[in-house]
Amino acid sequence: MRRPVISAWGFGTAMFAVLCSASHAAADDTKKNPATEIEAPTVEVISTTPLPGIGVPADQIPANVQAYTGKQIENQHTIDFSNFINQNLSSVNANSTVGNPFQNDVNFRGFTASPLIGTPQGLSVFMDGVRVNDPFGDTVDWDLIPQSAISSINLIPGSNPVFGLNTLGGALSINTKSGFEYPGFSAQALGGSWGRRQFEFEGGTHGKNADLFITGNLFQQDGWRDRSPSRVNQIFAKAGWQNETSDLDVSFAGTRNNLQGTQALPLSMLGNPAQAYTAPDIISNDLSFFNVRGSHFFNDTTLISANLYYRSLRQYGFNSNVNDDFDSGEPVSAGNAPASNVIGYANQVGSGGALQLTLLNDLGKFHNQLVLGASLDHGHTGFSQYTGAADFTASRDTDAILFGPAELTTKLLATNDYYGLYFTDTFAVNERTHLTLSGRWNRAQVKLEDQLGTALNGDHVFTHFNPAAGVTFRINRALTSYVSYNQGMRAPTPVELTCADPNAPCSLPNDFLGDPALDPVISKTWEGGLRGRLAQHLVWRASLFRTNLENDIQFVSAGGGALNAGYFQNIPETRRQGIELDLSGHVGHWTFGVGYTYLDATYQSSFVMNSPNNSSAAPISCPTCADIRVNPGDHIPGIPRHLLKTRVQYDFDPRFSVGANLYAASSQFARGDENNRDVNGPVPGYALVNLDASYRPAKHWEVFARIDNLFDRSYQTFGLLGENFFNGPGNTFDAGAVTAEQFRTPGAPRAMWVGVRYTFGAPSGGQNAD
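The number in this note's numbering is simply the position in the sequence shown, starting from 1, with 13 added.
Keep in mind that the hints were calculated from the coordinates and are not lab data.
Be careful, since some hints might not be right.
As the list claims (entries may be wrong) - Below, computed lysine to aspartate or glutamate pairings styled on EDC-like, alpha-carbon distance capped at 20 Å:
| id | residue 1 | residue 2 |
| --- | --- | --- |
| 1 | Lys84 | Glu213 |
| 2 | Lys712 | Asp640 |
| 3 | Lys460 | Asp430 |
| 4 | Lys424 | Asp375 |
| 5 | Lys84 | Glu715 |
| 6 | Lys424 | Asp472 |
| 7 | Lys424 | Asp463 |
| 8 | Lys378 | Asp438 |
| 9 | Lys378 | Glu444 |
| 10 | Lys84 | Glu586 |
| 11 | Lys537 | Glu586 |
| 12 | Lys378 | Asp313 |
| 13 | Lys537 | Asp613 |
| 14 | Lys84 | Glu57 |
| 15 | Lys84 | Asp666 |
| 16 | Lys460 | Asp532 |
| 17 | Lys84 | Asp664 |
| 18 | Lys460 | Asp472 |
| 19 | Lys712 | Asp664 |
| 20 | Lys221 | Glu257 |
| 21 | Lys537 | Glu563 |
Stated by the list, open to error - Here are the simulated distance ranges between beta carbons:
| id | residue 1 | residue 2 | range |
| --- | --- | --- | --- |
| 22 | Tyr611 | Lys378 | 40 to 46 Å |
| 23 | Val692 | Ser341 | 43 to 49 Å |
| 24 | Phe669 | Leu543 | 35 to 41 Å |
Where a beta carbon is used, it is the ideal one built from N, C-alpha and C, also for glycine.
Using the sequences plus the hints, can you model the full thing?
This is how it looks when you write it as structure tokens:
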């Protein structure tokens, strides 16, 4: 039986042909109405709830919200969505922990949204009102979000409780395109460095009440590092119906992706940054995502919105590892092999819905907007893991032929049930002052059923009410101030609940064990700031923020040859605090944006952890342990203290433009160096310049180019402490010459791509893309 994502490609091709034939017939029928405004809000009005609603003017929101449009994303021709937000959004930085551009760890204000199982997640991500953090580990697979389908994005900072679980440091809300807002059709192809080849199309059309939008992306490249190819196939389609009071959309997103990474390299091997440490490391994602969303105005002051969704994600993972228990004095056998292969299968099904009521009834003479909502998210995961003995080839591939098939070591069923009741009210105290009060009650139940025994069985329930309050005050027409306080919650995931014993560390994706329970994470955020205009087209923002976390969950390295070996542990208190400064606007032919972030991410409590590859490690918890003591004020690994981003674009005329991005990040400490005392020091900072250009030689045609890392800088984006087992001739395996080293993930060298785009119908980017 063919999978839905494949059959959808045939549907998409046929529908694209139909749309092309009908392009101009419907282009002039767009009719603005309240339902349309909900579907594609402009950047001046921000949706502050999981389900899009009326929205709140940006000046009335007590937070430093960032908003971008699909047109801005399209102009830069980045490889995927995570790369765009890394280069453009303030306080965002991406770490390529596994060496594949579609598998970035995206950090915002020191909180992470990552596709890697086991990374403590602190950001919630929504797509058309559906939370797309995966059920099993709250992970975010960026390769499942088709960039060409994005109409707008809003990044809401802080612990806004309305967005529910995982909103410790922020919530990212993505709205997709529709045929009403994006009529017209385009197709583009590009090629260039590392064998990159891409074909992408999108098309939208509408009649008086019905619309249709579809987009697809076929991408492949060999990768700049050895054994790092990527194959990405994405499709998104949305059909809708609306009138002046109602809107209904049915959408489908499907992917079939195969991605390979190459792990970090020890410092002694960075002379050849393209080489793989061990190989192969593979992740395959197969997604089918259906969403039905509707809204209806009963009258001018009452709006009800709802959605229902079904999301099926099938994942396959293959990880090559060093066996740090290998005894070189004994014969090589299945029980004593230099390497191991870990093969995992995760079938994750998420389903649920939300219901939201918006009331615009004034309280006396004061304007008031009240939103009441409820949500239910159910997740079911079947996880199987196999482990097999292997040997290393001369090229450090893991060869399992001599040892027979891998053995089933884990078979687990995990069920998540997340319930939420929330409200938010924006009250106009007067014309210049707006008060916002919000809150959410969360109940999270995680049930584990061991299919091979009873060690993993467990039933965990977490409940908490999180409040929020904020006020904005418009000092004058060009200056607004604000202050806010909010709380968020994160429940431990099934992955974390089965890997929390320091005496039995796991290797990720995971060796599951019966372990102690973890406590939920509670975040408390204060934020204050100013925003205003220096002139008609110059906007600036300045904000101060502090987030304290109680019972922060972190993956603690256990050392050894397996780079991802460790366990999950509650840290009593951590803190992220900092300053954000932004200036953006356009003057004449110039458009620009500058953002600077100072971020101080530290531990606020003292604890002892095992870190055998840290040069300062010594027996603390026991005579044979290699421990480090982490003290208040020590910096959390993986988070640079300084970030600077600049985007400049010059439009010579309506046909020709050139843009440049500067991205600069300061140094960061390596994982395993939580006490900041390892002799290797931090991973150095770096600065990169990327260029893009676009030229339209004829009415429907555009030629574009992009150069990444213009000055060909050598840099690394991530570090961790581990053991290097490849100190033999030509970096071959040698268990008798193991060295403790700092490992780093090298960044990509200079590369260039050139493409061509054909557009007809409405201008590229849709009617509200400016």
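Tested hints:
Using a Cα cut-off of 20 Å, the hinted pair Lys84 and Glu213 holds, with the two alpha carbons roughly 15 Å apart. Our distance criterion of 20 Å between C-alpha atoms is broken by Lys712 and Asp640, whose separation comes to about 66 Å. Proximity of Lys460 to Asp430 is assessed by CA-CA distance (about 9 Å); at most 20 Å being required, the pair is judged to hold. For the suggested pair Lys424 and Asp375, the alpha carbons sit about 56 Å apart, so the restraint of at most 20 Å is broken.
Distance hint between Lys84 and Glu715 is fulfilled; the C-alpha atoms sit about 14 Å from each other, no more than 20 Å. Restraint check for Lys424 and Asp472: satisfied, since their Cα atoms lie roughly 17 Å apart, inside the 20 Å limit. As the CA atoms of Lys424 and Asp463 are separated by approximately 6 Å, the hinted pair is consistent with the 20 Å bound. A distance of roughly 16 Å separates the Cα atoms of Lys378 and Asp438; the hinted pair therefore holds under the 20 Å criterion.
A distance of roughly 11 Å separates the Cα atoms of Lys378 and Glu444; the hinted pair therefore holds under the 20 Å criterion. As the CA atoms of Lys84 and Glu586 are separated by approximately 41 Å, the hinted pair breaks the 20 Å bound. Taking the CA atoms of Lys537 and Glu586, the gap is near 11 Å; set against the 20 Å cutoff, the hint holds. Note on Lys378 and Asp313: the hinted pairing holds, with a Cα-Cα distance of about 17 Å set against a maximum of 20 Å.
Straight-line distance between C-alpha atoms of Lys537 and Asp613 comes to about 16 Å, which keeps the hinted pair within the 20 Å bound. With a CA separation close to 15 Å, the supplied pair Lys84 and Glu57 stays within the 20 Å bound. In summary, the hint linking Lys84 to Asp666 is supported, as the alpha carbons are separated by about 17 Å, within the 20 Å threshold. With a C-alpha separation of about 15 Å, the suggested pair Lys460 and Asp532 falls inside the 20 Å cut-off, and the hint holds.
Straight-line distance between C-alpha atoms of Lys84 and Asp664 comes to about 15 Å, which keeps the hinted pair within the 20 Å bound. Taken as a hint, the Lys460 and Asp472 pair is honoured in the structure, with Cα atoms around 4 Å apart against an allowance of 20 Å. Only pairs whose Cα atoms come within 20 Å are accepted, and Lys712 paired with Asp664 is accepted, the gap being roughly 17 Å. The suggested pairing of Lys221 with Glu257 holds, with an alpha-carbon distance near 11 Å, which does not exceed 20 Å.
Under the criterion of a C-alpha separation no larger than 20 Å, the hint pairing Lys537 with Glu563 is consistent with the structure, at around 8 Å. At about 43 Å, the CB distance of Tyr611 to Lys378 agrees with the hint of 40 to 46 Å. One distance hint, 43 to 49 Å for the beta-carbon pair Val692 and Ser341, is violated here, with the actual separation near 27 Å. Against the hinted window of 35 to 41 Å, the Cβ-Cβ separation of Phe669 and Leu543 comes to about 37 Å, which satisfies the hint.
Consistency note: the structure conflicts with the earlier hints numbered 2, 4, 10, 23.
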